[in-house]
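**Student:** First to last, the sequence lines map onto chains P and G.
In terms of my numbering, the first sequence opens at residue 1076 and continues consecutively.
In terms of my numbering, the second sequence opens at residue 2 and continues consecutively.
The hints are simulated quantities; they were obtained by calculation from the structure and are not laboratory data.
Hints should not be assumed to be uniformly reliable.
What the hints assert, rightly or not - Derived DEER-like restraints, expressed as beta-carbon distance ranges: (1) R1411/P / R11/G: 50 to 58 angstroms; (2) Q1402/P / R38/G: 46 to 54 angstroms; (3) K311/G / G1093/P: 44 to 52 angstroms; (4) L1080/P / D354/G: 40 to 48 angstroms; (5) R1097/P / T18/G: 53 to 61 angstroms.
As the list claims (entries may be wrong) - Derived, one-sided and incomplete: chain G residues facing chain P with beta-carbon distance under 10 angstroms: (6) I31; (7) E295; (8) V305; (9) V353; (10) E384; (11) P390; (12) R391.
We treat Cβ as the ideally placed atom computed from N, Cα and C, and that holds for glycine.
Take a look at the letters that make up each chain.
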Amino acid sequence: MDLELNDEHVELREAAIGTLDRYAPLSLARRYFDGDADPGGLWTQIAELGWLGVGLDRDDPFGVPGLCLLAEQVGRRAAPTTLVDTALVARLATASGGDWAARIVAGEPSVALAMLEAGGSWLSPQLATLAGTYLSRLARRASDEVVLAGEKIGVHHAAAVGLLGVVADLDGAPALVLVDPAAAGVTITPTAGLDPSCAPCRVVFDGVRVSERELLTGPGFAPALAHGLEVAAVAATAEALGAASAALDMAVAYALEREQYGRQIGAFQALAHLLAELHVLRETAWATVLYAAAALEERTDGGAGASAVAKAHGAAAAKTVVEGALQVFGGVGFTREHDLHLVYRRALECAGRFGSSHDHERRVAETLLSAEPVLTGQ
Amino acid sequence: MRLTRSEAERRIAEEVTSFLQASMPDPMSIPAEFDERIAWLREWQRKLHEAGLVNVAWPREHGGRGATLGEQMVVDEELARADAPELIGVVGLGVVGPSIVAHGTAEQKARWLPKILSAEEIWCQGFSEPGAGSDLAALRTAAEDRGDHWVVRGQKTWTSWAQYARWCAVLTRTDQSAPAHKGISYLVADMRSPGVEVRPLEQLTGDPEFSEVYFDDVVVPKDQIIGAPNAGWGIALHSLSHERGPAVAARAVTLRVLLDRLIADAGRLERDGQRVIEDDQVRTLLARTHVQLEVLRCQSARTVGMTVAKGKPGLETSIDKLQLIRAEQLLGDAALAVLGPAAPYADPDSPVDIRHWHGVYLYARAASIYGGTSQVQKNIIAERILGLPRS
């Protein structure tokens, strides 16, 4: 096993750093607190550089690890983009054929993922696979149309995109319904959130009528959804870790600069050991992300298990890292004036998206403990 | 990036498998009494070496195969997966030997490496002292230069396998006036020399695995120094990085086998009319342990990749060690949780081997002490990776 990045991966990461430093400095995320942010320039760049299609083709040199490297850099800057959500929608569109995938990858239109429902969860507690994600009967067929009635929450950037990718249950099977945000019966309400730079929205569908052409479903859809959700869960972990890693870098720099009791606070073992523990968390979590990404790319049997491990550990690690970084900053970090809260918020947002640490730990328990008789060592 | 084994790695894995099919001992045939067990384990390592499966990454001319570190890891993993008996020469194979390979003279390699592989000679590591544990550089065991030999005087402690060792890699102070790290030499003492006294210590687990070792004017010939005089500190760090790095990957597999056994035991035990494996708290703990062991496997694989790229283990081995500690101690806790309120009592009628789990739990507590405590590992990460000031 070799988890070293390929040369192509290293180049992709370098390119991502250059582009995002220019088009998504932390000041862009900050503008969401003032309500005057415009992510248009960033979105154009991301689409033109082909990032929305990274890891989508089997012969793409970057694969799922490439998507994770991009997500990591997005997280470091709390960049306002639906990169990971779009990666999922594009995977579903690809599995269903037609020309939607090409359009989505080109960024025309830009896409928001509408999946989570109030009172629902990212994944069903009873099922080990993500195919069992909770979905309400939000969609139903009516002659040659699909009618949507219900609501979704946590839809990132819904008010700014050109297309809503609605994951819904249709006649007992999962489906993706592509909805024009301007269609009659769609109401998009921006909601306050822990991470305003994700521009979370509540979207209400009140008898929204969609033609069959905008309905993606079929026999290959459920496995594509399961695989796409595994990819999204790992990429969201990468984004959370990127944000957490930026927070930790800030905290280490601050520990070298800030003096109390006449010395740098990083010289106090209580803080030095805390920072060392956080470093262990970010490194070990990143190792699991690389492994899961490679396993999903190779489509080995262990892909699902590896992504559950990556999210179970990585989401908890990201949360612990940003909380620890805040502690190192003390009162200085507990202000909106400091940049720390921008990445702190992004780490929390991504830690929960596509299932929390506990959700994925429960998946692990289901797969690990259901088989009988148990494994080796007998 | 590559998750699957290379062709060479697959071949050597098959070799291990077929060796084990022919030679894997019945666990019941391994003597329980400590001295007899050690003798039995030496014979086991000799057989494994005869089959060419001990330290395959060592150079051909010294009894290895010149294989890659990746192949070495595969052999270790396969042995651990099959729950094969441990290698009794572990200090020579995994800690001191790599330093001889890297820093020894041609004569030293020819003299010592082959017998390390065959377990004909067991090694121990005379590093810690009663007054120099975490602060290893404070060691006081002194070696006086007497022209054609050194005379060593002092005391070492927590020295694993000392009572069976023929050689001891002993850190000694050879320049009293130099700063602490710059006056240390890495000598090799013959444990049969006059003046060497070994007093075994019984560990928390009950095994006398480590000892106190007294050196009372012990003569060490001048050709028994690894590296240059007063350059021993760097070599000691090299030895310790091997103890933290490559050794961790195999330990991860051993722990995996233990977790599988614990899950099986949780399926066998009942408590309050319910199978223990149905208990939500137990399930959460087992899943959490599995996650942390998988994290350890991924982290360790990443470190091995960096070790291969750089040619030697780096500072990131401290991360592996801390993750090993987390996973192993979680496993120990999970074992106690599976046993429940009966955990403290080794009921002979229990369907599971409670004493075995006592050992697993207790030994896990050693993980955060041996080879540099967790606090020492955190100091290394804070100061040398993150660049924080010394405390």
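**Student:** Hints broken by the structure, by number, lowest first?
**Tutor:** 3, 6 and 9
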